[in-house]
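A.B. asks: Listed below are the residues making up each chain.
There are 2 protein chains.
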Amino acid sequence: MSMVSKLNDSIIKSKSYLCIGLDPHPNEMFVENVFDFNKQIIDVTHDLVAAYKPQFAFYEALGISGLQALKETISYIRNVNPNIIIIGDAKRGDIGSTAKAYAHSLFEFWDVDIATVNPYMGMDTLLPYLEYNDRGIFVVCRTSNSGSGELQNLVVFDDEKKKLFEFVADLTFGISDGSNVGLVVGATYPEDVKIIREKHPQVPILIPGVGAQGGDLHACVKGAVDSMGKGFLINASRSIIFATKNPVDYPNITRKRALELRNAINESLQKLEGESV
Amino acid sequence: MSMVSKLNDSIIKSKSYLCIGLDPHPNEMFVENVFDFNKQIIDVTHDLVAAYKPQFAFYEALGISGLQALKETISYIRNVNPNIIIIGDAKRGDIGSTAKAYAHSLFEFWDVDIATVNPYMGMDTLLPYLEYNDRGIFVVCRTSNSGSGELQNLVVFDDEKKKLFEFVADLTFGISDGSNVGLVVGATYPEDVKIIREKHPQVPILIPGVGAQGGDLHACVKGAVDSMGKGFLINASRSIIFATKNPVDYPNITRKRALELRNAINESLQKLEGESV
Numbered sequence: 008m009s010m011v012s013k014l015n016d017s018i019i020k021s022k023s024y025l026c027i028g029l030d031p032h033p034n035e036m037f038v039e040n041v042f043d044f045n046k047q048i049i050d051v052t053h054d055l056v057a058a059y060k061p062q063f064a065f066y067e068a069l070g071i072s073g074l075q076a077l078k079e080t081i082s083y084i085r086n087v088n089p090n091i092i093i094i095g096d097a098k099r100g101d102i103g104s105t106a107k108a109y110a111h112s113l114f115e116f117w118d119v120d121i122a123t124v125n126p127y128m129g130m131d132t133l134l135p136y137l138e139y140n141d142r143g144i145f146v147v148c149r150t151s152n153s154g155s156g157e158l159q160n161l162v163v164f165d166d167e168k169k170k171l172f173e174f175v176a177d178l179t180f181g182i183s184d185g186s187n188v189g190l191v192v193g194a195t196y197p198e199d200v201k202i203i204r205e206k207h208p209q210v211p212i213l214i215p216g217v218g219a220q221g222g223d224l225h226a227c228v229k230g231a232v233d234s235m236g237k238g239f240l241i242n243a244s245r246s247i248i249f250a251t252k253n254p255v256d257y258p259n260i261t262r263k264r265a266l267e268l269r270n271a272i273n274e275s276l277q278k279l280e281g282e283s284v
Numbered sequence: 008m009s010m011v012s013k014l015n016d017s018i019i020k021s022k023s024y025l026c027i028g029l030d031p032h033p034n035e036m037f038v039e040n041v042f043d044f045n046k047q048i049i050d051v052t053h054d055l056v057a058a059y060k061p062q063f064a065f066y067e068a069l070g071i072s073g074l075q076a077l078k079e080t081i082s083y084i085r086n087v088n089p090n091i092i093i094i095g096d097a098k099r100g101d102i103g104s105t106a107k108a109y110a111h112s113l114f115e116f117w118d119v120d121i122a123t124v125n126p127y128m129g130m131d132t133l134l135p136y137l138e139y140n141d142r143g144i145f146v147v148c149r150t151s152n153s154g155s156g157e158l159q160n161l162v163v164f165d166d167e168k169k170k171l172f173e174f175v176a177d178l179t180f181g182i183s184d185g186s187n188v189g190l191v192v193g194a195t196y197p198e199d200v201k202i203i204r205e206k207h208p209q210v211p212i213l214i215p216g217v218g219a220q221g222g223d224l225h226a227c228v229k230g231a232v233d234s235m236g237k238g239f240l241i242n243a244s245r246s247i248i249f250a251t252k253n254p255v256d257y258p259n260i261t262r263k264r265a266l267e268l269r270n271a272i273n274e275s276l277q278k279l280e281g282e283s284v
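Taken in sequence, the protein lines are chains X and L.
The opening position of the first sequence corresponds to residue 8 in the numbering used here, with each subsequent residue numbered one higher.
The opening position of the second sequence corresponds to residue 8 in the numbering used here, with each subsequent residue numbered one higher.
If you're looking for bench data, these hints aren't it; they were derived computationally from the structure.
One thing to keep in mind: the hints can contain errors.
No copy is singled out in the list; a pair is fine if it fits within one copy or between any two copies.
Straight-line C-alpha distance at most 27 Å; calculated DSS-like pairs for lysine-lysine [stated by the list, open to error]:
no. : residue 1 : residue 2
1   : LYS252    : LYS237
2   : LYS107    : LYS252
3   : LYS78     : LYS107
4   : LYS168    : LYS278
5   : LYS206    : LYS229
Generate coordinates for the entire structure from the input sequences, incorporating the hints supplied.
C.D. replies: Take a look at the structure:
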């Protein structure tokens, strides 16, 4: 099954557009062991999510033992529910045989369904990832940080005047039939989520930045919803996984936060359906 | 000592502008063990190089054992000669606390002197790397692949009309006093090496793409040489480390290839000095 089909399938089966970021900031965890920490999150949220997104940086920062914990975490998710999409948030970007090695690492060693990738080096550098039939990429397009516009909002001329992030989105569909690519667009710029959706009605959009980074949920859902009522993921990490450091309360509070966000997204969608009738 | 001082120091002490890429392509090595392979290269080339550049993708593609071999390789280089600069070619790029985690990983766990980074997400995402006094970054600016111009050659308007890669180079000096940043410019575009050097007379330039990728060495050296006669590195990988698969010949042939390239760079410089007198 193609990446986009698997993703939509997971959204339908889980009745959820929620992606939880598994980002073990060392000073924020209530236990020291990274796998134990992730296991607790997964145990109380796996029926509430369409996807998990481990951010590779936090595992790499811990060295070999961190990477072993990442491997264990991915296997654990696969065992709990093989339908859950795993997004390897590594934002790799490199040329030729190096890109091929990264694709090998992400899809064969780490066994993620989707890898985030960086477009700066050109679309030819993304092709090795698309050779895997049942996997795919989310291309970093418009990011949630305050300085993201420095390059991404530059006005460039293609067949028409557009911003660099729009140009990147358009280029992406030059290398794919749409079955294996998605775009990353930060929740802090909901108007840009809308721009991307209008130009690319069926593209899956990964939207980080709701929660700790303060993106407007309803505006994002409104911008992101496609004509089929699927095709996006709202990612939250810190607001769910670091809601408390108290080990006794942790399972209940973490589940509550995930449930609240899942429901808030679904209510946003219902409200939009109501508006459009 | 600052990154740029350490780099110039290594170039002077080694009398070499050569950087060897330690890129263990699995099908090209004459031994299976990655550390053994790297050790052989280091043993016969350490007196000929200013820097080594492990490309992280090839270690990550091998999973945990590959990363263990990378760790062993870096320690080995430090023991052989602590003056040799180690460039962690990971091309990371991410925001806020994630960028901080990558900087921690590269400079504290992996212990590299210089990390390559991707500018697409904005200059704020590069700041965490600059908090380390004795380390630094090479910002990916103009890459050697055929599709690199797709984004990097886009014409943008700043105070003047310029290409995106020039804009990136200029931005880089907005976040640094020049003591801890360099730029990556591919050898396949020597005219762009020249453009960068003219605008930024003192920036260290890392030039990959000579050798297997076919960049013109003399044109690159001519473009890259700065007014102080330092400030660049020519990187070669496959043309040196995969010159033969015969284990008996390997030490001699590998050393010969490295020596030839080191000498060719130095002869190019002497020729230019002769021309300018």
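A.B. asks: Could you work out which of the previously given hints the structure breaks and list their numbers from low to high?
C.D. replies: 1, 4
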